[in-house]
Amino acid sequence: MSVEQWSFIFKTLSILAAWSYLVKGDNPVYTAVEHFLVGSATAYGIVYTIQNQIVPRIVQDIIGRGKWGYIFGAILGLLIYFSFVKGQEWIARITMGFWIGYGAGYSLAYSPPVFLTQVTDSFINLRAGDFAKSFNNILYFLVVVSTLMYFAFTLKKDKGVLYYGSRFGRYALMVAFGSAYGSITMAYLSLIIGQLTIIFRDTLHLIK
Amino acid sequence: MDWKKLQWIDVRILYVIIVVCLLIPMFHPVGLPVAISDNTRLVYNTVESVPDGGVIWVSHDTGPGNAPELNPMIAALARQAFRKNCKIISTSLFNQTFGPVTTFEIIDEVAREMGKEYGVDWVHLGYRDNAWPATIRLMIENIIEGAINRDWKGEPLDQMPLMKQVKSIKDDVDLIFCTTVGSPGYADWMTYVSEPLHIPLTGGASLTMYSGVQPYIRSGQLKGFLGGLRGAAEYEQLVGVAGAGLAGMDAQSLGHMTVILFLVLGNIGYFAAKRAGKNQ
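Taken in sequence, the protein lines are chains B and S. Going by the working numbering, the first sequence opens with residue 1, and the numbers climb by one from there. Going by the working numbering, the second sequence opens with residue 1, and the numbers climb by one from there.
Simulated from the structure, these hints should not be mistaken for lab results. Since no wrong hints were added, every one of them can be taken at face value.
Dumping the calculated DSS-like pairs for lysine-lysine here, alpha-carbon to alpha-carbon at most 30 Å:
1. 5(S) to 24(B)
2. 11(B) to 153(S)
3. 170(S) to 67(B)
4. 67(B) to 164(S)
Sequences and hints are given; from them, build the entire structure.
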């Protein structure tokens, strides 16, 4: 039997073990494959990171090309391990502070163009020519405005336009959530089909 | 009949019925027609608009859970790209273990079939560390620098003919095709790469995320986006190859009907119970 066939048998056994959760809840077989998955993924991750990230960065960039600036980044990163040193945990926060600050700053610098395109895209022609397009645009406009009304929590919405607008916005949100739920159901069925294909086609060769 | 009981059917029975309903069409395919949406056509046309011999950056950002939906998209894309003699540079940034291996296997299978050579026609960079914006930032300027001169197996990139031609994302990449199940995914590619560099972005998403993608398709920030197995099946039809996407559609359709039936029965049970409560 080839390595590939063994791998399919192993995949099938793992799938069945994972599905055992549906029948028996948390059970030893399920827990065993769960631990196996976490353990093997962690081990693979460590080896991959050392081989493809850390060693080349040190050997090639720092030693080979004299990019000594990377050492400052490495030291900053290593400070995170101070979270294991009693009484010195605050030092680890320097790394986290840098990381969060860098992430937030980077995101703030790049996000506005993406967001603003969304805003300008909501400026649409309500009389677009043909009836269907106009109807769609009007509906789109109403949903955008009413949903914004729904999320305006600092305003009193007990009567008038705000009351009816926010209610309409809530219904629009419910339609959106319903649509998302339908999509998710479709996605999960696709995933089951994928697992069944492994069991019945790749392992048992019962279907083509 | 006591309709109220419909609410309390043992969920394990429902699981078995769903599995059986999915299996029947897999053993006896019906070949139900799959209509092609405008959205999928837009994805196909966007890939088609890349000049012959151009460079497509493929990021298969998936884990094992969503692979059945997204893998067929990558296979079909590779086929369309190689047919146009386009070059592919691939990454897989969502999952460190499963993603890179799967991405390589899918593209490699298509490449071998179409006589394309690794290193000349395509290169796989695999997973890159979690500092996503920083890593990609480096690759925008200099791919070899950002990837530390290593492909996914640790082979030196500067020895590969393709990487002598493709130096940076900003100057040499014509299209980004990414699959998405979370972050990193389309939002990151859009925010940090496609929007600032004006590189067209398309791809496909798991249906769990597909609703969130819609506003970006509408605004043109995404040049179409495939939705789940259904999107993959439509795309396969346009590319002209029946792959895993189309193969799964019969099962998917019968599965939907079963879920809808359960929803209807559950609601009948709910209203019957409510009515019985009022009458008491």
